[in-house]
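**Q** Using the sequences and the hints given, assemble the complete structure.
Residues per chain are reported as follows:
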Amino acid sequence: MLEVKGLRKVYRSGNREVEALRDLTFTVDNGELVCLVGPSGCGKTTLLRCVSGLLDPTAGDVRVDGKPVDGPPPGMAVVFQEYGRSLFPWMSVRDNVELPLKQKGVGRARRRQLVEQSLDAVGLTGTASAYPWQLSGGMQQRVAIARAVAYEPQTLLMDEPFAAVDAQTRADLEDLVRELWKRLGVTILFVTHDIDESVYLGQRVVMLSTSPTVVQEELAIDLPDQRDQLTTRADPRFIQLRTRVYEQIQAAKRNAVH
Amino acid sequence: MTSPRRGNPARSGSTALLGAAGLAGLLLVMELAPRLGLVDERYLPPASRIAAALAEEAGTPAFWTALTDTLIAWSAGLAIAVGAAVLAGIVIGSIPVLRSLTASTIEFLRPIPSVALIPLAVLMYGTDLGSTLLLVCYAAFWQVLVQVLYGVADVDPVAFETARSFRFSAWGRIRHVLWPTALPYVFTGVRLAASVALVLAITAELVIGSPGLGKEIAVAQASEAVPTMYALIVVTGVLGVIINLLARTGERRLLAWHQSVRGEVTA
Ligand SMILES: Nc1ncnc2c1ncn2[C@@H]1O[C@H](COP(=O)(O)OP(=O)(O)OP(=O)(O)O)[C@@H](O)[C@H]1O
Ligand SMILES: [Mg+2]
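Those sequence lines, one after another, are chains A and B.
When we follow my numbering, the leftmost residue of the first sequence carries the number 1, and every step to the right adds one.
When we follow my numbering, the leftmost residue of the second sequence carries the number 1, and every step to the right adds one.
There are no misleading hints in this set.
Partial list, derived from the structure: chain B residues whose beta carbon lies under 7 Å from chain A: (1) Asp156; (2) Glu161; (3) Thr162; (4) Arg164; (5) Ser165; (6) Phe168; (7) Gly172; (8) Pro180.
Listing some non-contacts, in silico: residues in chain B with all C-beta distances to chain A over 10 Å: (9) Thr15; (10) Val29; (11) Val91; (12) Ile95; (13) Leu101; (14) Arg110; (15) Pro119; (16) Leu129; (17) Asp154; (18) Ser223; (19) Gly240; (20) Ala247; (21) Thr249; (22) Glu251; (23) Arg253.
Everything labelled a hint here was simulated from the structure, so no lab data went into it.
Cβ coordinates follow ideal geometry from the N, Cα and C atoms, glycine included.
**A** Have a look at this one:
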């Protein structure tokens with residue numbers, strides 16, 4: 001279980017202070033897929049960096065299965081917003097996916113198997129020997145996902161992973177995430193600024209306010225488990241839910257103004 | 001698309017042809033100027049005499065010993081400097097406190113011309129190989145160190161955080177993120193240092209009289225064997241060209257990914 005309690009983060013550089021997060025509290029149960037939606041610049045990346053132990057919060061704490069996070073915890077993988085820069089250009093796709101496994105101490109044969117399986121799973125069979133910069137943006141993002149999946153994490157954090165790909169690729173990748181989640185039983189915290197995406201993907205949506213950032217509301221997504229780009233998005237319940245999320249985010253903006 | 005620097009094959013072919021023509025022209029001028037009495041033959045013998053002297057030199061064991069001495073001083077000095085600079089650069093570059101602590105010291109030490117250390121070298125090593133090594137090392141070290149520092153500073157924070165999030169060991173982060181990022185810079189540093197190292201090796205031999213081509217040039221000059229002196233100068237020039245060529249080829253071969261990332265044409 002992932003617990004975020006009273007999380008606050010203030011960036012200090014010289015005498016300039018930016019309060020990126022004011023007070024965040026929420027939990028993600030094991031095996032859950034939670035979407036975190038909030039306007040651009042509200043501190044989503046900051047939150048993920050705190051959760052993944054890459055950044056020390058100013059106050060509050062993050063716990064994974066009860067253990068406080070004070071550095072990157074084992075069993076967690078992050079898919080970064082800047083996926084292009086997160087892949088190593090001096091390594092082939094295979095080596096990119098394999099390296100974290102090597103660092104983790106996974107045996108050679110098992111590594112091979114995991115690399116193969118994960119590349120197959122994201123539909124990148126046969127590109128193992130290519131270099132990341134030889135691939136399209138959508139393919140690069142899938143390599144980043146494959147790398148995270150091959151790592152066999154219990155918790156997967158994804159930071160606006162589809163922000164920079166076209167609508168069609170985006171739809172495919174959304175379905176890919178749902179499918180991987182169901183198959184692997186991982187806990188996923190998925191960050192996005194796209195309201196429709198958050199409702200389509202999540203079992204629950206946590207809405208963040210504009211800065212100074214707090215949790216605006218949480219909403220359970222009671223759509224059927226079997227989702228489909230056409231029918232789910234046309235489902236009246238889907239429309240209701242997305243309207244609800246939209247209203248909340250608008251309300252957050254109004255509150256911020258007054 | 002072709003990069004403006006590289007040009008297309010036909011272009012580079014004709015460039016090579018033009019270059020060869022230029023060189024032939026130079027040789028012709030060097031042959032004719034002294035023969036026509038435009039310059040004093042004592043200071044610039046005709047190219048053919050220089051060539052003859054070169055052939056004669058190549059037949060003496062002393063020449064080959066001198067060449068070997070120069071190459072040893074050059075390569076050993078360069079190797080020591082590169083090793084030390086890479087190590088120092090990675091340590092200094094990855095520890096911010098060290099970085100700011102050493103910044104001004106480096107800025108002070110770096111511009112000191114190596115030749116200013118000649119008296120110190122003589123004091124320490126006399127006319128031994130050590131003198132040459134000291135000067136070569138000093139000159140080459142800063143070239144590489146500065147580049148390594150640039151390289152380490154160029155590490156992409158996202159790539160580095162990726163490594164951290166996958167719990168890479170400290171060594172893993174250096175080996176797989178820091179080093180590959182710094183490598184192109186290291187190459188630039190080594191290429192610059194290789195040329196500087198040759199200059200310093202010849203200078204040290206020439207001025208101090210430590211064994212090598214530089215010393216032979218001084219000896220030839222003292223014994224008024226002017227064509228031999230020129231022949232040896234030509235040899236040092238050729239060495240310089242070969243070193244540069246090797247460094248560039250190595251760089252291109254090993255950093256194919258890097259050039260491609262920067263959108264240049266790969267060979
Ligand atoms: N390293 C930093 N130093 C200072 N301020 C920062 C730093 N990183 C982020 N910030 C500030 O914190 C706030 C939140 O940034 P963050 O990147 O977390 O937002 P985000 O919700 O991920 O935005 P986006 O949707 O555009 O990715 C912004 O105001 C930003 O300027
Ligand atoms: Mg962000």
